[in-house]
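Produce the entire structure from the sequences given, and follow the hints as far as they go.
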Amino acid sequence: MTGIEVTAGQLGFYSCHACNLVSKATPDHLEAHCARCGSHLHLRKPDSISRAWAFLIASYILYVPANVLPIMHTSSLFGAQSDTIMSGIIYLWTSGSWHLALIVFIASILVPSAKLLAITFLLISVQRRSVWDPLQRTKIYRIVELVGRWSMLDIFVVAILVALVQLGSMATIKAGYGAVAFGAVVVLTMIAAMEFEPKLIWDPKRNRREQTAG
Amino acid sequence: MNRPPADFDLNDLPEARAVRKKGWSVQFIWLIPVLAALIGGWLVVKGIMDKGPTITITFKTAEGLEAGKTKVKYKSVDVGEVKGISLGGRGKDVLVTVELVKEAESRLVEDTRFWVVRPRIAGGMVSGLGTLFSGSYIGVDPGNSVTKRREYVGLEVAPLVTGDVPGRQFILRAETLGSLQVGSPIFFLQEAVGSIVAHELNEDGQGVTFKVFINSPYDQYVTTATRFWNASGIDVSLDATGIKVDTQSLASILIGGVAFATPPGSAKEPPAEENREFFLGLNRAEAMKRPDTVAILMTLYFTQSLRGLSVGAPVEFRGINIGEVKAMNVEPNEAETNFRFPVTVAIYPERLLSLMKVGTYDHVDHSDEAARRARWDVMVARGLRGQLKTGNLLTGQLFVNMDFFPDAPKAEMDWTKSPPVVPTIHGGLDELTATVASIAKKIEKMPLDEIGAELRQNLVTMNRTLNSADKLVKRLDAEVAPAARSALDDARKTLQTAEKTLATDSPMQHELQEMLREVNRTLQSLRQLGEYLERHPEALIRGKKEGGQ
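So the protein sequences, as listed, match chains C and H. Take 1 as the starting number for the first sequence in the numbering used here and just add one per residue. Take 1 as the starting number for the second sequence in the numbering used here and just add one per residue.
Simulated from the structure, these hints should not be mistaken for lab results. Treat the numbers as computed from the prediction; the structure is a model and nothing was measured. No residue lacks a Cβ here, since even glycine has one placed at the ideal position from N, Cα and C. Some hints could be false.
[Unchecked claim] Every beta carbon over 10 Å from chain C, so not counted as near; a handful from chain H, in silico:
hint	residue
1	VAL19
2	TRP30
3	GLU105
4	GLY167
5	PHE188
6	ALA192
7	HIS199
8	ILE253
9	GLU331
10	PRO332
11	THR416
12	LYS471
[Claimed, not checked] In silico DSS-like cross-links for lysine-lysine, where the CA-CA straight-line distance does not exceed 27 Å:
hint	chain 1	residue 1	chain 2	residue 2
13	H	LYS75	C	LYS174
14	C	LYS174	H	LYS102
15	H	LYS92	H	LYS75
16	H	LYS46	H	LYS148
17	C	LYS174	H	LYS71
18	H	LYS73	C	LYS174
19	H	LYS69	H	LYS51
20	H	LYS442	H	LYS389
21	H	LYS83	C	LYS174
[To be verified] Reference excerpt, derived from the structure (chain C facing chain H, CB under 8 Å, subset only):
hint	residue
22	PHE13
23	SER23
24	ILE57
25	VAL64
Structural data, given as structure tokens:
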């Protein structure tokens, strides 16, 4: 990047998130509202880190039942069965559909856990005011935001099956508690990613520069 | 978008509206992880709470069982799942690890039973057909015990009667298994009311023990006085009334069966308690017999052949079966010159007493040993003896007959021996042989030759007499017959003449008619004369008047 790096906040201006009107900052102890549209104005999302942490911790907690409890109860003439995410993948793998197993594994195991770890990493690095490669970390954040919704694949499959396979005594599929927990994990990680303020990734660098300049 | 003017001053920008900060704090956000923790915790706790007990069941084979698939079902409701299957001790058995639902915890007791439900066709019944499609499952019958248990031995065959079927179990003891098997029906008044649940050899190898289950409400008919008997197959009996064929049902012919009944006269007995032991009779007659509780052992010494006498042969008193032969031995007589045969018999006095009319013999105290001995002594003094008698002339079966022989030589009971000795008398076949021999001797003594000669003489005389008679008849035929024939001819002629005379068209007949007509006319004239005279009596004097008519 060429030229000087300066942010609106450094210049003492707010940019309205709703109508983009630039306005001057108010004293700290008061909340600023947009002069034109009345939206809440802030330089950084307020309490971004603690909010993100809250949602992240919640999704960590629910991640356990999501993987342990069955997401689907199948009962048919030939017996009843309960499947967790992992047992479904193992079943697909052993029955020969390894490509399907791979898709479900990536969408349901790899992506959610990677997302959890990525957000954790971002949060910790921001809290520690790390200056390590903010560009790289911003890319990670963009991927996390982009890929998050794909984890809902499993939930969609279960939802469709439950709706379609209701053949009375022949075969019935019911959603298990695992599906609820898993859906909650996906939603909570998405909210956590949303609450995370990527601008904070860059703040330490500026501060460091200011200190060295000062 | 409107571009801002090129020369705008940053200070001209509008100032943000300052608003007082709202009261609610950031801390509210932490409610979300708390909530998640609560939900997650609840799910985990629920999972742990729902996780039922794990038990191991030993089976002979794991046929049809699959870890993670096979269910445990009670009344077709899933109550657990097979978690693992492994080979047990030295590979002889299969250890099946089963996780049950939490509700099953309290029913895992000592007498809970497990078995594998597979399609099965046996003993006239078909079961477990549903498992053809759904695969085998493990059936469970919760017990009633209170002793907890975690390791079970699975049954190879599904139990016929599960704990939820109302009814009671009883125990039958029999000498042999017969054609009975697990599942054989129990009949009451020919209605199937239960089945044989199990049978096993007694530990000492003497007899078989059955477990039978009588369904409610029929179990109330099993009283302490009830008798059970083997009702398998067809019972054909021949007696004075003809051939009698007795069977309970077609099924009992094929797979055997047991019937029970309570003898008449014992209706007031209380219902039998669970697991009461009963004796299983070979047939109805045996079962209905009064059980012999008192047996008196007696010895009878015989010197004649015991051929035809067997252990179990009846002891009869004037045709009434009062006991049976228990043992037969051989011992030398006192002088050691010959052998005699002590026959030990058991006498059941109750059989005799049961036939007595109530009240006729109640004054006797049957428990008094001395009095009993005295009674026997009296009876022997009056001539009570034992003898061997032929029961069946064809097979030569013998039985011991007890009867009074007042003419028998004097004898006494020998109470010094054990069992006491009852005096005997020759009889039965011996007697018959002796009679036959004496008859033969008498026949021998007969002057058969003389009788023969006399007979021949008589026959000759008779022959002569017959010849004379024959001659007489011939003479009669030759001399008397022609004369008789001519006499008959004469008679016939006379009759013919008479017939002609009397015929309708004969002259005599005609003349007679003519004569009768003449007489008639004469009489008419006479009447006219009479009438005329009545009217004209003077005519007698004056004669007939002219034209006076």
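(request) Quickly compare the C-alpha distance for LYS174 of chain C and LYS102 of chain H to 27 Å and report which way the hint goes. (result) 21 Å, holds
(request) Take a quick look at TRP30 of chain H and tell me if its Cβ sits farther than 10 Å from every Cβ on chain C, holds or violated. (result) Given a closest Cβ separation of 5 Å, the condition is violated.
(message) A cut-off of 10 Å on Cβ-Cβ distance, and GLU331 of chain H was said to be off the interface with chain C. Does that hold?
(response) Consistent with the label, GLU331 of chain H stays out of reach of chain C, its closest Cβ about 77 Å off (over 10 Å).
(message) For THR416 of chain H, is the shortest CB-to-CB distance to chain C above 10 Å, so the non-interface label stands?
(response) At roughly 81 Å from the nearest Cβ of chain C, THR416 of chain H sits farther out than 10 Å, so the non-interface label holds.
(request) May I ask you to check that VAL19 of chain H keeps its beta-carbon over 10 Å from the closest beta-carbon of chain C? (result) 5 Å, violated
(message) Checking one constraint from the list: CA of LYS69 of chain H to CA of LYS51 of chain H, max 27 Å. Satisfied?
(response) OK: LYS69 of chain H and LYS51 of chain H at ~17 Å, within 27 Å.
(request) Run the C-beta distances from ALA192 of chain H to all of chain C and say if the shortest one exceeds 10 Å. (result) 33 Å, holds
(request) Quick one: work out the minimum CB distance from PRO332 of chain H to chain C and report holds if it exceeds 10 Å, violated otherwise. (result) 82 Å, holds
(request) Could you grab the alpha-carbon distance between LYS92 of chain H and LYS75 of chain H and see if it respects the 27 Å cut-off? (result) Not satisfied, since the Cα-Cα distance of roughly 30 Å exceeds 27 Å.
(message) Verify this label for me: PHE188 of chain H is non-interface relative to chain C, using a Cβ-Cβ cutoff of 10 Å.
(response) Per Cβ check, PHE188 of chain H is outside 10 Å of chain C; nearest 39 Å; holds.
(message) Does LYS71 of chain H sit within 27 Å of LYS174 of chain C, going by the straight-line distance between their CA atoms?
(response) This hinted pair holds, its Cα atoms lying about 19 Å apart.
(request) Hold the hint about ILE57 of chain C up to the distance rule: shortest CB distance to chain H must be less than 8 Å. (result) 4 Å, holds
In terms of the numbered hints stated before, the structure departs from hints 1, 2, 15, listed from lowest to highest.
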